[in-house]
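Protein sequence lines correspond, in order, to chains A and B. Note that the first sequence covers residues 459 to 892 in my numbering. Note that the second sequence covers residues 459 to 892 in my numbering.
Honestly, the hints are just simulated from the structure, not real lab data.
No distinction is drawn between identical chains; accordingly, a pair holds when it is met within one copy or between any pair of copies.
Below are the PhoX-like pairs computed for lysine-lysine, each with C-alpha atoms no more than 25 angstroms apart in a straight line:
#1 K845 x K648
#2 K660 x K620
#3 K607 x K648
#4 K648 x K620
#5 K660 x K648
#6 K620 x K607
#7 K660 x K845
2 protein chains.
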Amino acid sequence: MTDRTHDPSLRSWVESANDERTDFPIQNLPFGRFRRARSSRAWRIGVAIGDQVLDLRAVHELCPWDDAAQRLLQPLAEGDLNRFMAMGPVARRELRALLSEGLREGSNVQRLLEACLVPQSGIELTVPCRIGDYTDFYAGIHHATTVGKLFRPDNPLLPNYKWVPIAYHGRSSSIVVSGHRVRRPLGQTKGEAEMPQFGPSKRLDYELEVGALVGVGNTLGEPIPMAEAEAHLFGLVLLNDWSARDIQSWEYQPLGPFLSKSFGSTISPWVVTMEALEPFRRPFLRAEGDPQPLPYLDSPTNRERGSIDIRLEVLLQTQAMRERGEAPHLLTQGNFRDAYWTVAQMLAHHASNGCNLQPGDLFGSGTQSGPEPGQGGSLLELSHGGKVPVQLPGGETRVFLLDGDSVWIRGRCEASGARAIGFGECMGTVSPSP
Amino acid sequence: MTDRTHDPSLRSWVESANDERTDFPIQNLPFGRFRRARSSRAWRIGVAIGDQVLDLRAVHELCPWDDAAQRLLQPLAEGDLNRFMAMGPVARRELRALLSEGLREGSNVQRLLEACLVPQSGIELTVPCRIGDYTDFYAGIHHATTVGKLFRPDNPLLPNYKWVPIAYHGRSSSIVVSGHRVRRPLGQTKGEAEMPQFGPSKRLDYELEVGALVGVGNTLGEPIPMAEAEAHLFGLVLLNDWSARDIQSWEYQPLGPFLSKSFGSTISPWVVTMEALEPFRRPFLRAEGDPQPLPYLDSPTNRERGSIDIRLEVLLQTQAMRERGEAPHLLTQGNFRDAYWTVAQMLAHHASNGCNLQPGDLFGSGTQSGPEPGQGGSLLELSHGGKVPVQLPGGETRVFLLDGDSVWIRGRCEASGARAIGFGECMGTVSPSP
Numbered sequence: 459m460t461d462r463t464h465d466p467s468l469r470s471w472v473e474s475a476n477d478e479r480t481d482f483p484i485q486n487l488p489f490g491r492f493r494r495a496r497s498s499r500a501w502r503i504g505v506a507i508g509d510q511v512l513d514l515r516a517v518h519e520l521c522p523w524d525d526a527a528q529r530l531l532q533p534l535a536e537g538d539l540n541r542f543m544a545m546g547p548v549a550r551r552e553l554r555a556l557l558s559e560g561l562r563e564g565s566n567v568q569r570l571l572e573a574c575l576v577p578q579s580g581i582e583l584t585v586p587c588r589i590g591d592y593t594d595f596y597a598g599i600h601h602a603t604t605v606g607k608l609f610r611p612d613n614p615l616l617p618n619y620k621w622v623p624i625a626y627h628g629r630s631s632s633i634v635v636s637g638h639r640v641r642r643p644l645g646q647t648k649g650e651a652e653m654p655q656f657g658p659s660k661r662l663d664y665e666l667e668v669g670a671l672v673g674v675g676n677t678l679g680e681p682i683p684m685a686e687a688e689a690h691l692f693g694l695v696l697l698n699d700w701s702a703r704d705i706q707s708w709e710y711q712p713l714g715p716f717l718s719k720s721f722g723s724t725i726s727p728w729v730v731t732m733e734a735l736e737p738f739r740r741p742f743l744r745a746e747g748d749p750q751p752l753p754y755l756d757s758p759t760n761r762e763r764g765s766i767d768i769r770l771e772v773l774l775q776t777q778a779m780r781e782r783g784e785a786p787h788l789l790t791q792g793n794f795r796d797a798y799w800t801v802a803q804m805l806a807h808h809a810s811n812g813c814n815l816q817p818g819d820l821f822g823s824g825t826q827s828g829p830e831p832g833q834g835g836s837l838l839e840l841s842h843g844g845k846v847p848v849q850l851p852g853g854e855t856r857v858f859l860l861d862g863d864s865v866w867i868r869g870r871c872e873a874s875g876a877r878a879i880g881f882g883e884c885m886g887t888v889s890p891s892p
Numbered sequence: 459m460t461d462r463t464h465d466p467s468l469r470s471w472v473e474s475a476n477d478e479r480t481d482f483p484i485q486n487l488p489f490g491r492f493r494r495a496r497s498s499r500a501w502r503i504g505v506a507i508g509d510q511v512l513d514l515r516a517v518h519e520l521c522p523w524d525d526a527a528q529r530l531l532q533p534l535a536e537g538d539l540n541r542f543m544a545m546g547p548v549a550r551r552e553l554r555a556l557l558s559e560g561l562r563e564g565s566n567v568q569r570l571l572e573a574c575l576v577p578q579s580g581i582e583l584t585v586p587c588r589i590g591d592y593t594d595f596y597a598g599i600h601h602a603t604t605v606g607k608l609f610r611p612d613n614p615l616l617p618n619y620k621w622v623p624i625a626y627h628g629r630s631s632s633i634v635v636s637g638h639r640v641r642r643p644l645g646q647t648k649g650e651a652e653m654p655q656f657g658p659s660k661r662l663d664y665e666l667e668v669g670a671l672v673g674v675g676n677t678l679g680e681p682i683p684m685a686e687a688e689a690h691l692f693g694l695v696l697l698n699d700w701s702a703r704d705i706q707s708w709e710y711q712p713l714g715p716f717l718s719k720s721f722g723s724t725i726s727p728w729v730v731t732m733e734a735l736e737p738f739r740r741p742f743l744r745a746e747g748d749p750q751p752l753p754y755l756d757s758p759t760n761r762e763r764g765s766i767d768i769r770l771e772v773l774l775q776t777q778a779m780r781e782r783g784e785a786p787h788l789l790t791q792g793n794f795r796d797a798y799w800t801v802a803q804m805l806a807h808h809a810s811n812g813c814n815l816q817p818g819d820l821f822g823s824g825t826q827s828g829p830e831p832g833q834g835g836s837l838l839e840l841s842h843g844g845k846v847p848v849q850l851p852g853g854e855t856r857v858f859l860l861d862g863d864s865v866w867i868r869g870r871c872e873a874s875g876a877r878a879i880g881f882g883e884c885m886g887t888v889s890p891s892p
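Please model the complete structure; the sequences and the hints are all you need to start from.
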């Protein structure tokens, strides 16, 4: 069977999925965990299609598909995305083909699937899966360079940067989904005074990142070779790695960031699968003069198509803008193609010491700043370390975030010959310290 | 009701619990998760008593206790320690009193409880609970000083050390219980050559740590004040934070240790509760000239009894020693009283930014080296950074661990007027790289 699921001419009988502005045309089909708004019912797994959600529990109950299809749907019908993640890419492709056919114009199950649709306007969403461990990489070389310059003007990148996919373990428990408020953290900071002080962070920032979710895991002690790395990836989300810069600069030596990050991280609720991203894969190239990756981080597939073209944006809406009814203001733009390491390299590196990855584990990409000034993926960069205020509409300025500020991250994939897809919303609003 | 559970004169009808060398007298009563060896049955929660385990599922079924007792036992009977952890210290004390009475000489339920005993020689153990997030602190000031000297002879302790309970997020998935082999990790290292290389770590080390498990959690955004911190702690285990020093020194800047740690961490299977540790609590004192903790890390209770007296040991048995039938060799001794921060301070600091702690979360204490030379809690310290070989019986030496080496961590609490208790075994054997 030829995979027609990316065919840009495909149209869905869900009319809103054919609108060219939607993030969720029939070529996307991302997974999320939802329930009716203000209900206390169990979370269900669904697939976004236009402005609707296809409830996979209902599909499992109503659809006259064969046993093989029912086996794929079983964990999803039980609300357990992790178990489906563990089933791997072949299962994922089979279900994708089935859903794509069922949602197409002229489908012979349209009447049945219509009964499984829930409008997105009537649902609430949560994190799509159980995230056992969260690891945050540092694969944004422009971010690492710009931030490095603030500390070491002559030697911004450390000697390991171009060899090692640098990362640190993050905090899983405080990962929330788009829409949750993020409370300004209290913390210990050190200014010019002799003693440190404890109080609300004064340098609260966002970080523009992409998140990758692990599908199939590996056994403790058994690395995953680069040639197999892609098969262990499930899909991508957007990630805002909120950061308290003043807490970070005082706490981070010698063991890295801790409380400056663990007060909250926001992800987008819909997981865009590796299959949906196929048309947007791009060659992974090293700039001239940069070292080639060591063999354990190299493969022909990675060279040919390791990178992914995702246009990224950050938007800010202040309290005052909201009160004036003003739309969020575009702060910066970047592209995930600029990441210094691919998600397959992150995964192979992570497992290279035998560390066991598990279905639902999350990797952050590190801040994805663009190469140009003004393309910083954080306020730290845009405000030159808090020294140059960023101008906003209506005469407001920001060096760091104030209470009431809302931050959006957006991601969209576009390529000639392909239907554009998007990631949906990744938004959070800063609320005051306790 | 007076709490008689610590009374050193208490004796159990389980005869082995009255042996003064046992780690598990009736005054201890630690929780673990076990099943019959080589069975594939569900894991059960049990309490260690002498050389036996009291199977709490069997107790729940057989014992004629009232509804209140049955409610305490319910989650334990289902094999879920986390739900019991979430019930807090009052529930824990009630169950402790009940089990202590039932296991005492002269108990009126002896006959029933006898039917719930399983010999420890016939069981296997696993990690006692689901560990959602693992955080490793750096509260061993002698370790931090000695290791700091290797890098910065004139300025070993960084300026933040005496103010901030330094920590980093660790890897949860690779935490294993005593007895599991630990595979020597592959990794990227940088020697004198121009290019880094990839291969088996040549500087594999252990770290002597104590682990604290969280009981009741907190809501995201709501810090836990110091005055309430103790009530959120469940109990302690021993922890070996295996470390690959050559991978660590190349990867750790600027975001801290990652693959040098995440290949495996070993904990002891029995959780010694905060109640069992009562007789071994000691005042928390700052050395003269050291700053007092900031108010958010200070409380009268913490000053009076924040520290815990646990005698700690590391023992090593090489392959050759094992073949000669030689007992493990004592490498070092320390005491958890020397920790620069108490477990309550670690917890209050961790939640101070609003980070949500969850039942079963694990904190490592950082390497607990003693103040004297020769009391290093790692080979890195004992071998002066790999320069001075440590002498072993039979003419062997070590600068770092070789394949086949087994490392034990032991912990024991002794105090006048109290029955001594111990932590059981925390052992791991190094196996070769893949």
